[in-house]
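Q: All chains, please: the whole structure from these sequences, using the hints.
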Amino acid sequence: MRLAVLTGLYVGIVCAAQVGAQKIVELPWTGAAAPGGAPLIGVALALVELAHRTAPTRAEGFRNAQVMIGAGFGASLLLAGWIKIVAAWEPAFPDQGFEIVADTWRIVGASLAAFAVSETVDNAFGAWLRDRIPEAARVLATNAVSVPLDSLVFLAIAFGSLDFLAGQIEAKAAATVLLGLPLVLVIRAFLSRQTGRAAA
0 MRLAVLTGLY VGIVCAAQVG AQKIVELPWT GAAAPGGAPL IGVALALVEL
50 AHRTAPTRAE GFRNAQVMIG AGFGASLLLA GWIKIVAAWE PAFPDQGFEI
100 VADTWRIVGA SLAAFAVSET VDNAFGAWLR DRIPEAARVL ATNAVSVPLD
150 SLVFLAIAFG SLDFLAGQIE AKAAATVLLG LPLVLVIRAF LSRQTGRAAA
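Sequential numbering of the sequence shown, starting at 0, is according to numbering that gives the first Met the number 0.
Please keep in mind that the hints were generated in silico from the structure rather than gathered at the bench.
Treat the hints with care, since some could be wrong.
Between beta-carbon pairs, the in silico distance windows are [as the list claims (entries may be wrong)]:
id, residue 1, residue 2, range
1, G30, D94, 28 to 36 angstroms
2, G80, P147, 27 to 35 angstroms
3, V185, G80, 30 to 38 angstroms
4, P27, F158, 17 to 25 angstroms
5, W88, V185, 38 to 46 angstroms
6, A135, K83, 38 to 46 angstroms
Think of the CB as a built atom: it goes at the ideal place given N, C-alpha and C, for glycine as much as any other residue.
A: Structure below.
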């Protein structure tokens, strides 16, 4: 049940990031440019660490996290495929633009490649760090490695340029600290209380 809930949240965040990445935005705190989905990827990477706590051992936690990542892959493909189908349909009313969103295939392809590298590295590193360092430090340490990897691969494929690298890393790092880390700690505390009640 825990894994199912986390997977649903993770899939929603990943799909929202795919759509948001269609627009390059100006970050409010520094003015750097980044794809609009970048902050959500920082949160998604943090959620991978929670999946490790859905199983009693490191190996099982790693497998659960990979299942969650796989669900994100599948949902992204479904999203892009359905958007492509809807874009090809004859509109019932004139001037219904859908072409920009229909370009999601390029973004999804880049995201899947980035996921294959960054989220697997994040998962493996997080599994190794489990119970070795505090939870907050584990989220920050894994994202410090996976965020630059994700940004490099994604930008190279999606845009053929690393022009937005600084903004990407900045947005994901800020989202990790301001959104992902608090979310992980709150959910982790809730899961710990539920486990304690079940044992009692």
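Q: Take a look at whether the Cβ-Cβ distance between G80 and P147 falls inside 27 to 35 angstroms.
A: holds, 30 angstroms
Q: Kindly confirm whether 38 to 46 angstroms is satisfied by the beta carbon distance between A135 and K83.
A: Distance hint for A135, K83 holds at roughly 40 angstroms.
Q: Given a hinted range of 30 to 38 angstroms, is it respected by the beta-carbon distance of V185 and G80?
A: Distance hint for V185, G80 holds at roughly 34 angstroms.
Q: Given a hint of 38 to 46 angstroms, does the C-beta separation of W88 and V185 actually sit inside it?
A: Given about 42 angstroms between the Cβ atoms, the range holds.
Q: Just to be sure I understand the hint, the distance between the Cβ atoms of P27 and F158 should be within 17 to 25 angstroms; is that true here?
A: holds, 22 angstroms
Q: Does 28 to 36 angstroms hold as the CB distance between G30 and D94, or does it fail?
A: holds, 34 angstroms
When the structure is compared with the earlier hints, no violation turns up for any of them.
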